[in-house]
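Trainee: Spelled out from the first residue to the last, the chains are:
Protein chains: 2
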Amino acid sequence: MRSSQYYICTLKEAPADAEVISHKLMLRAGLIKRLSVGVYTWMPLGLRVLRKVEAIIREEMNRAGAMELLMPAVQPAELWQESGRWEKYGPDLLRFRDRYQRELVIGPTHEEVVTDAVRRDIKSYRQLPVHLYQIQSKFRDEIRPRFGVMRGREFIMKDGYSFHADYADLEREYNKMHQVYCRIFNYLGLQFRAVAADTGSIGGADSQEFHVVAETGEDSIAWCPDSDYAANVELAQALAPYMQRPAATEEMQRVATPDKTTCAAVAEMLSLPLQTTVKQIIVSMEGAPEAGNARLVALLLRGDHNLNEIKLQKLIGGYRFASHEEIQAALGCVPGYVGPVGVADKGIEIIADHSVVVMHDFVCGANEAGYHLRGVNFVRDLPEPDQIADIRNVISGDPSPDGKGYLSICRGIEVGHIFQLRTKYSRQLGCEFLDPQGKSQPMEMGCYGIGVTRVVAAAIEQGHDERGIIFPAAIAPFAVIITPVGYHNNETVRTVADQLYSRCLEAEIDVLLDDRDERPGVIFADADLIGVPHRIVVGARALANGELEYKGRQEGSESILPVADALAFLQAKLSATICAN
Amino acid sequence: MRSSQYYICTLKEAPADAEVISHKLMLRAGLIKRLSVGVYTWMPLGLRVLRKVEAIIREEMNRAGAMELLMPAVQPAELWQESGRWEKYGPDLLRFRDRYQRELVIGPTHEEVVTDAVRRDIKSYRQLPVHLYQIQSKFRDEIRPRFGVMRGREFIMKDGYSFHADYADLEREYNKMHQVYCRIFNYLGLQFRAVAADTGSIGGADSQEFHVVAETGEDSIAWCPDSDYAANVELAQALAPYMQRPAATEEMQRVATPDKTTCAAVAEMLSLPLQTTVKQIIVSMEGAPEAGNARLVALLLRGDHNLNEIKLQKLIGGYRFASHEEIQAALGCVPGYVGPVGVADKGIEIIADHSVVVMHDFVCGANEAGYHLRGVNFVRDLPEPDQIADIRNVISGDPSPDGKGYLSICRGIEVGHIFQLRTKYSRQLGCEFLDPQGKSQPMEMGCYGIGVTRVVAAAIEQGHDERGIIFPAAIAPFAVIITPVGYHNNETVRTVADQLYSRCLEAEIDVLLDDRDERPGVIFADADLIGVPHRIVVGARALANGELEYKGRQEGSESILPVADALAFLQAKLSATICAN
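From first to last, the protein sequence lines stand for chains Y and V. Going by the working numbering, the first sequence runs without a break in its numbering and finishes at 581. Going by the working numbering, the second sequence runs without a break in its numbering and finishes at 1581.
No lab work stands behind these hints, which were simulated from the structure alone. Careful, some of the hints might be misleading.
When the alpha-carbon atoms are kept at most 27 Å apart in a straight line, the in silico DSS-like pairs for lysine-lysine are as follows [as the list claims (entries may be wrong)]:
id	chain 1	residue 1	chain 2	residue 2
1	V	K1439	Y	K123
2	Y	K123	Y	K176
3	V	K1439	V	K1123
4	V	K1088	V	K1439
5	V	K1439	Y	K12
6	V	K1176	V	K1123
7	Y	K33	V	K1024
8	V	K1088	Y	K439
9	V	K1012	Y	K123
10	V	K1024	Y	K12
11	V	K1123	Y	K24
12	Y	K123	V	K1033
13	Y	K176	Y	K24
As the structure is a prediction and not an experimental result, all values here were calculated from the model.
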């Protein structure tokens, strides 16, 4: 492709409302264009990237025996009513009526549609298993669309659905898809982790998420460098410390801590490690009245730990954080200075995290504004907690739950998700088959998604620098860019650039020749911005010695090579990339 | 692909509501599945066909220098308000509101979106021309969706939009696209005609439709076998006959024609050719009051001709057909017996078609119930008409307007359309550029559509027989099908079938091996139904002689060939197809 005949429209500045780096760079590089809130056009340059992502996914899905189909965006309400999701799905489900007042939705997902197709076609165990997938535009009316195509409203997904005669066969396919997804994200050139996940609103049994590792990710992932353990921080188990509680060595003392309302501030003031402090959080059980007799629970966590609300919810059921008024009424103290000493006497249940019950000589609030207690010890100063449980998020350095080392924490962007739906939809929609005994059974279902448009944004979050995008070679809009200096005023430069361009095309290299009549600075900046991995500079000075300059986008390396060697050099670079995948 | 591992679900009977043959066969062959009114899922087998159509279109569009992009399905109301189509577009435009009550539409077309993108990027004549296209799902809330994907609500289009600095450049691109479209439909293996068309609601200047020729087509096309003239019947000019009016030879006579209220019935009763009769149609000018003094116009047409309402509208402006009461009041006669003699005396204007004014001794209504007149002649029996014009549809045998022969009439299915939009949208949306003189100008625009999903249906309307679909080789779901007889109980059959299958795959032939444990009758019927062009039957009897049987779907021909020659034979067949394209 020649830039002069291609649609390359880059911007110096990203619009002010672009929040994350991938959004800024995608707009600046002209990959996408905003149409309305959370809705983007994929411009030609961006679509090249998207199509490469799609092609890799499609090839691996087909190789795995899945069959591509294409389901409509617009779906009838009846199917959603039949599955029960018409009621359960919130306002993310965009509902509307056609000219005859029939209710329709724009599909945010296709479990109902695919299950309807399969129940009409598949009658016998002999026709199973079946795995159907599509790469298709979806719409979710997000409450807060943001980050460009990362959390847009209209987006492209690969969504696959498998149907099985029994659970063992579903497990086989689920495990196979885990492998297929690993291969896909490897081919895409992404650093990722497969993590255990909550099944969320979609329901079902086992579930794993695939996260692209990026500092800007919305999710925290706990993973073990010494094993393949990885889980969302919300789900990772914090093991009970393998130690006895040491004996008390200090007397309990009341210390003035004016204006120090956090563990960190108190620890700093007292020159003690944060790990010697205990924070107390008061929650009110759901359904309890607002007044003084609300059933309150005190939660104890080590000062450097954070409450895990999902774990707590599973432990005690519905709850809310207690109001300032409730805390004042129960403990006679403002929040910031509350602590467990004397709390049991007020009929408040105490739940302590595992890590708290092995502490001794700790610091906590004194239940008196402006004061904390230090040298506090269980049994002597307060009774053992009523309940001991895992109610915190894991932190870096915690032991891995699989016993094989210690956890690290990284941030990730979810780009894939595999679920075992089991018979949730097949029972609801009557998607049944006759087993070898002639008995009607609901099919076991799996479901496998990849956020295709989001993959592009995640790749950019993972690969960029101050000059622009650093695409993995497999999905860069072009593999090679030729940037001549003086194409329009130097005959030799033009001839050499044109010849190299033609030879690349003959060798089926995906090459862009920037033959625009622009300053070299603009041409070089655009090449960096759009993230082409390999660049050849054709300039008069090097040409005088029969040489060209090569620049790798990733390494930033430069090398000089003879004009005659350029094609072979590029081919070697490109095949190295393919092998690396 | 092996059938046992593929999704092949055919039906013996099409659902009763499938009206046209393509709809019936697509459902029976399992290419599509109905989801709701006018909305269909493309099942794996159907998607293979669709993707082949898309690939041919994409390759030719790219080769022509157009650049693919992908615009969203969901569009903001603001752009449609800006273009003025929010008001003008009828209820086919599906409008709805998101969770924040913002008005949106599901795009039935993308002029606004693409023009918005281009006006934000393109500033100078040096960046023009630009041709952007997409292959994307659209939604039109048709008042009467029918014929399956032929007139569905959700459908896939290739829609392209070109932007130019002047009209000459638009004309160049428009003419180029005419050639590109001819190439595309040729490659698709379709018999088609490019016809002059009305620009309809989309507005603009020149316009051509591309019709697949099929008896079941909704449109009538007039075309000349001796030239490249073709037009929608509504638009084709009926030339004035190149002859003088012969002299009267008969006296005018009143004849009783009880219950004969049509020209055809009267001609039959009188044993006269239909071409010697004149029919009179009374219309009332729009805006004229219902009462006796409505301004009526009498139209005269030859008995074998039909009124062309578009031509009449262009000639006289708004009108409606006169009511029975109006006709009774004006002529004292019921419809069915009205004629032009004496009409001029009543102050009614007469407009005659060119073909009527050269008639002599003709038959017409007597303005008296149950009577006609014969031997009627202009001047002697009634004055020359007030106006002579082309107000009829052309018929087979009419001279071609280009003077190069005679017209034939065929039926067609519109699958493509190219328009010159000129500056309709660019003016409205302010899509302007600076010309070489630094003056701001609206861009000249062209627009080029192909109904991708409709192409599949049209191909089937054109190619089918009582056994099923006869796909053109370029878009058949598979190029070759191997149908073994006894795959599951004859070792030799299985071995030979498997070997041929493997060799086909190695030779990159798009082959399906029907290895299902089904009766030969089912396997053969399915192969015919889904329309695979080339079939190899592997059977024990022929194998005993070292032979296979070949059947061509199109010709229905059968031949016997040695097992060793099968691959070379198939390769020759397939390359013959490619050459024919």
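Trainee: So, for every hint listed, does it hold in this structure?
Mentor: Verification of the supplied hints:
Among the hinted pairs, K1439 of chain V with K123 of chain Y is inconsistent with the structure: their alpha-carbon atoms are about 69 Å apart, more than 27 Å. The straight-line distance between the Cα atoms of K123 of chain Y and K176 of chain Y is roughly 25 Å, inside the 27 Å bound, and the hint therefore holds. Distance restraint check for K1439 of chain V and K1123 of chain V: the Cα-Cα separation of roughly 11 Å lies within the 27 Å cut-off, and the hinted pair is therefore satisfied. For the proposed pair K1088 of chain V and K1439 of chain V, the alpha carbon gap of about 31 Å is over 27 Å, so the pair is violated.
A hinted pair counts as satisfied when its Cα atoms are at most 27 Å apart, and K1439 of chain V with K12 of chain Y qualifies at roughly 25 Å. Taking the CA atoms of K1176 of chain V and K1123 of chain V, the gap is near 25 Å; set against the 27 Å cutoff, the hint holds. For the hint linking K33 of chain Y to K1024 of chain V, the alpha-carbon distance of about 41 Å lies beyond 27 Å, and the restraint is violated. A hinted pair counts as satisfied when its Cα atoms are at most 27 Å apart, and K1088 of chain V with K439 of chain Y does not qualify at roughly 57 Å.
With a CA separation close to 15 Å, the supplied pair K1012 of chain V and K123 of chain Y stays within the 27 Å bound. Taking the CA atoms of K1024 of chain V and K12 of chain Y, the gap is about 55 Å. The hint is violated against a cut of 27 Å. Between K1123 of chain V and K24 of chain Y the alpha-carbon distance is near 22 Å, which keeps this suggested pair within the 27 Å criterion. Distance restraint check for K123 of chain Y and K1033 of chain V: the Cα-Cα separation of roughly 16 Å lies within the 27 Å cut-off, and the hinted pair is therefore satisfied.
Proximity of K176 of chain Y to K24 of chain Y is assessed by CA-CA distance (about 37 Å); at most 27 Å being required, the pair is judged violated.
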